[in-house]
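Q: Here is how the chains run, residue by residue.
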Amino acid sequence: MEDIRCPVCKKSNPPGEDTCLFCGADLIPAALSISDTSPGDEVNEPQWLKDFREKTGTPDSALEDDSSKGTSSGADDRTPDWLRRIRDHNDQKLAGRATLSDSLVDKSSGVSPDAGQPPLSGEPLSSNPEPVNGSGLQDWLNKLHRLENPKNNPPDSQSFENTDLLMGESIPDPESGEPGGVVWENDSDGSEKILSDSLMAPQDIQKTPTGVDGEGLLLAVQPEQITEDSLTVEIGEYNSEPLDMGDPGPGLAAVAAGTVISDAEPESPSNRKDLVGRLSSILGGIGILKVHKAKSQESTEQEEKDIPQAQEIGSILDGADEEVGIPGDEIPEAINSDLAGRDSAALLDSQVEEGQEEIALADSLLDEPKDSLSSAEQSGSKELLEAEASTPDLPGSIQSEEFPAEFTPASSSLRSINLTDQQRAQAVVLQDLLSDELEPQVPPVKRSKIPNVLMRWIVGIVLIAALIYTIITAGETTLPSFYIPPMPQQLSFYNQVESLPQKAPVLVAFDYEAAFSGEIRPMAINVIEHLKQKSATIAAVSIVPAGPILAEDVYAAATPGNTLLQQTDQGEFINLGYLPGGLVSLREFALQPVQASTYGLQSAADGLSPWSQPALQGISRLSDFSMVIVISDSLETGRAWIEQVQPTLGKIPLLLVTSAQAGPMLNPYLFSGQANGVISGFPGNLVYEQLLNKGTSDPTAFLAYRTGMYILLVSMIIGIFLKIFSPAPTSPPQEKGNDDVTL
Amino acid sequence: MKISIAAIFAIAAGLIVLIGFVYPLPVLTEISTYFLSWAVVVAGVATLVGIINLIGVHLRKPFRHQNRDFYSPVLIASFFITLVIGLWLTPADKSFQHVVTSIQVPVETSLLAILSITLLAAVVKLFRMRKGLMLWSFLISAVLFIIFGSGMLVIVSDRSPLSNWIAYLNIIPLAGARGILIGVALGSLMTGLRLLFGSDRPYDG
Chain A
1 MEDIRCPVCK KSNPPGEDTC LFCGADLIPA ALSISDTSPG DEVNEPQWLK
51 DFREKTGTPD SALEDDSSKG TSSGADDRTP DWLRRIRDHN DQKLAGRATL
101 SDSLVDKSSG VSPDAGQPPL SGEPLSSNPE PVNGSGLQDW LNKLHRLENP
151 KNNPPDSQSF ENTDLLMGES IPDPESGEPG GVVWENDSDG SEKILSDSLM
201 APQDIQKTPT GVDGEGLLLA VQPEQITEDS LTVEIGEYNS EPLDMGDPGP
251 GLAAVAAGTV ISDAEPESPS NRKDLVGRLS SILGGIGILK VHKAKSQEST
301 EQEEKDIPQA QEIGSILDGA DEEVGIPGDE IPEAINSDLA GRDSAALLDS
351 QVEEGQEEIA LADSLLDEPK DSLSSAEQSG SKELLEAEAS TPDLPGSIQS
401 EEFPAEFTPA SSSLRSINLT DQQRAQAVVL QDLLSDELEP QVPPVKRSKI
451 PNVLMRWIVG IVLIAALIYT IITAGETTLP SFYIPPMPQQ LSFYNQVESL
501 PQKAPVLVAF DYEAAFSGEI RPMAINVIEH LKQKSATIAA VSIVPAGPIL
551 AEDVYAAATP GNTLLQQTDQ GEFINLGYLP GGLVSLREFA LQPVQASTYG
601 LQSAADGLSP WSQPALQGIS RLSDFSMVIV ISDSLETGRA WIEQVQPTLG
651 KIPLLLVTSA QAGPMLNPYL FSGQANGVIS GFPGNLVYEQ LLNKGTSDPT
701 AFLAYRTGMY ILLVSMIIGI FLKIFSPAPT SPPQEKGNDD VTL
Chain B
1 MKISIAAIFA IAAGLIVLIG FVYPLPVLTE ISTYFLSWAV VVAGVATLVG
51 IINLIGVHLR KPFRHQNRDF YSPVLIASFF ITLVIGLWLT PADKSFQHVV
101 TSIQVPVETS LLAILSITLL AAVVKLFRMR KGLMLWSFLI SAVLFIIFGS
151 GMLVIVSDRS PLSNWIAYLN IIPLAGARGI LIGVALGSLM TGLRLLFGSD
201 RPYDG
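Those sequence lines, one after another, are chains A and B.
Following this note's numbering, the residues of the first sequence are numbered contiguously, the last one being 743.
Following this note's numbering, the residues of the second sequence are numbered contiguously, the last one being 205.
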């Protein structure tokens, strides 16, 4: 007799020991039997299985007897002594104990029609053994469908009182009182089989050999070889924690073992869905098929919607009915290695290496549930079956890895061999991975090692230094005489102002922000000076809060001898103040200017209305002014004056003084006749000064402006050269952050 | 379509102002003026509410447990100092105006100058970030109009053939500006129609 190797510490123990001498682990394995292998199944056996049996000298009858009886009485000389001893021991220990029905999984039994709810508090679980109908393992799920017609199903004849046995919990030994032990159940023929050993490690579980070679053992599984034992093993393997018995749905193990729920439990579609859902969790836990667990409280309407999905899965699974036996040498290495990574595969490999006759068949469930599910679909069941497993409410269950429910056509090498759906899916995933590698990768943008902040500092320092140098040296520079040909809008502006009669009232809108003072203020000063040359009465208004004060500043600058603090010559300048409300107030001002600007800037000091000033006598409408000039820094403000105010002006000209950014956008209004003249930007101011015969009033500003433009031009050229002559990115250094620039 | 009372008033006000704009009848103009006056008052009150909210926010910021903002007290102090002096001296006071312009103009101009530096750095960076025909179109147009606007060609007389060519090139931005304005007009028209038809009801909350 050979030594018994401890499944935990892998050390050899003398024969006859029940526990490991080194680690104390239980050496009694759970002998899984392949039950009910009918002689007729030999027809479907693959050749490699037959060869294996011939090679090992294992007669079919031995295996069949052993599996069909499921007891130690069927052991022959080839049965290991330890297994025979276990069987004898368990025969004595569990005699008289209530058993579970294997009708759900075992071919020789069926699911009780009353399955639906697990007993929560001592409620008996009934087994409903049924004779073998020869229809294969698919019947267990077909019988699940009978749950829909409870009237046609008789009540359970047996019950199982302790569902904890099925949940992987310790089973108290009725004799010793110690927890643990082997769970037995009654087979259909009255014999007993080991159902589960809750204390045994998963790798301890051994299964009856079914003709498995060393490499292809996972794939060489007949659907008929699936037994409740293997299913229960999977439960114990993946459900390390007991199930939540508070769950109103049927217990996982109760479903798996084919136990029958008491008649007292109400029958409902949600229960049926939950039953299948928990089955799906088993299947999903071993990575075979993901069956969506239907939500127990979903309405029947939702259930109806999910039927097409179940049909789709069933149609997919129909293709999995074929024989899946495949020699290991035909398995692609990638797939084989992938399978080797699975826990079950490792378990099986280790068993084979040890030369044991009984090999775990964890993945034998691959095909059997699929067949059953397929038959479920064919039978028109409304069970919700989906391709994705999701059993978050099932404690201890392991989420299976996802695989596509729809397979793309495999390569010719894959088509030439028989693969399970899972293997096909894995092959497709591998193929997709490889195809992705062949796709061209977008080269990452090469990032500069110079931070963006440093870049801005460099540019800023260069720009400021150039401007400072220009301003310092401008006093020594004499600008050459030049002539800029005026544009039509500039010439029209000048002519309109020039044609004003003496002491004509002119409305000037100072609608620009203080930030644009550097650009607009020189133009505004030139315009005010021109108006003063015509002795025009100037009324200033603004829809910008800072506008009235800026108007005062501009008028002071345009008046010789005046400053903002000391204005000796107030002249005919009236500040109408700020118009709150933006564009709305502008429209109101266009309709009734006197009411819209009742209080001017000086009204707070003298309490008088600006319209009571002598300069504005006789003016009650905007059309009473001789001219309207809008000094604006943006397109929006200039457009508002043109659109809201200009229609009320009649033939009164509207002139625009704008920043360089808004000038080109406002030029179309000039050609449409809505505006009568535009001066924009620093070049426009140069032209206007030229027309006024003032010469360049501020050469320093002109030189600084030109220097800034030169730097901008040079920067663009540098950028172009960097683009043209910079090497292509070779390496993708992914630096932290995204604030790097090219240089 | 369910029409609320607010929608009825809003649509009616909009139609009256629009008709008064197209047909300036005295009655319509007077009614439109009333509506506009109310709108101006509401806008002024909204500005006041905004100021109060701004002060409230900055009053809480220094006393937060996390991310305390110590610039908020400076803002609040500046606001109240300006408010008190403005109420005392009135905005018509030249000293008050001088103080405001002496602070506001340099600060805002400096901010705009910083923007110019950022834009200049972006110009250098631009050619690395984008590719294609549009980049080169932008590049050529930018270089050309920078040269035109930089004062390089101020020595060109009006009799030079180059001046005619420059005048011709100015048609390009004019055409682009007209296209943009037409797009803006169409967008404004559609927005106005949606408001008048009740499709958009910003007043319903």
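You may find that some hints are simply not true.
Stated by the list, open to error - One side of the interface only, derived from the structure: several residues of chain B facing chain A at Cβ under 8 Å:
# : residue
1 : 108
2 : 111
3 : 137
Please keep in mind that the hints were generated in silico from the structure rather than gathered at the bench.
Every residue gets a Cβ at the ideal spot worked out from N, C-alpha and C, and that includes glycine.
Q: Looking back at the numbered hints, which does the structure fail to meet, lowest number first?
A: As far as the earlier hints go, only 3 is violated by this structure.
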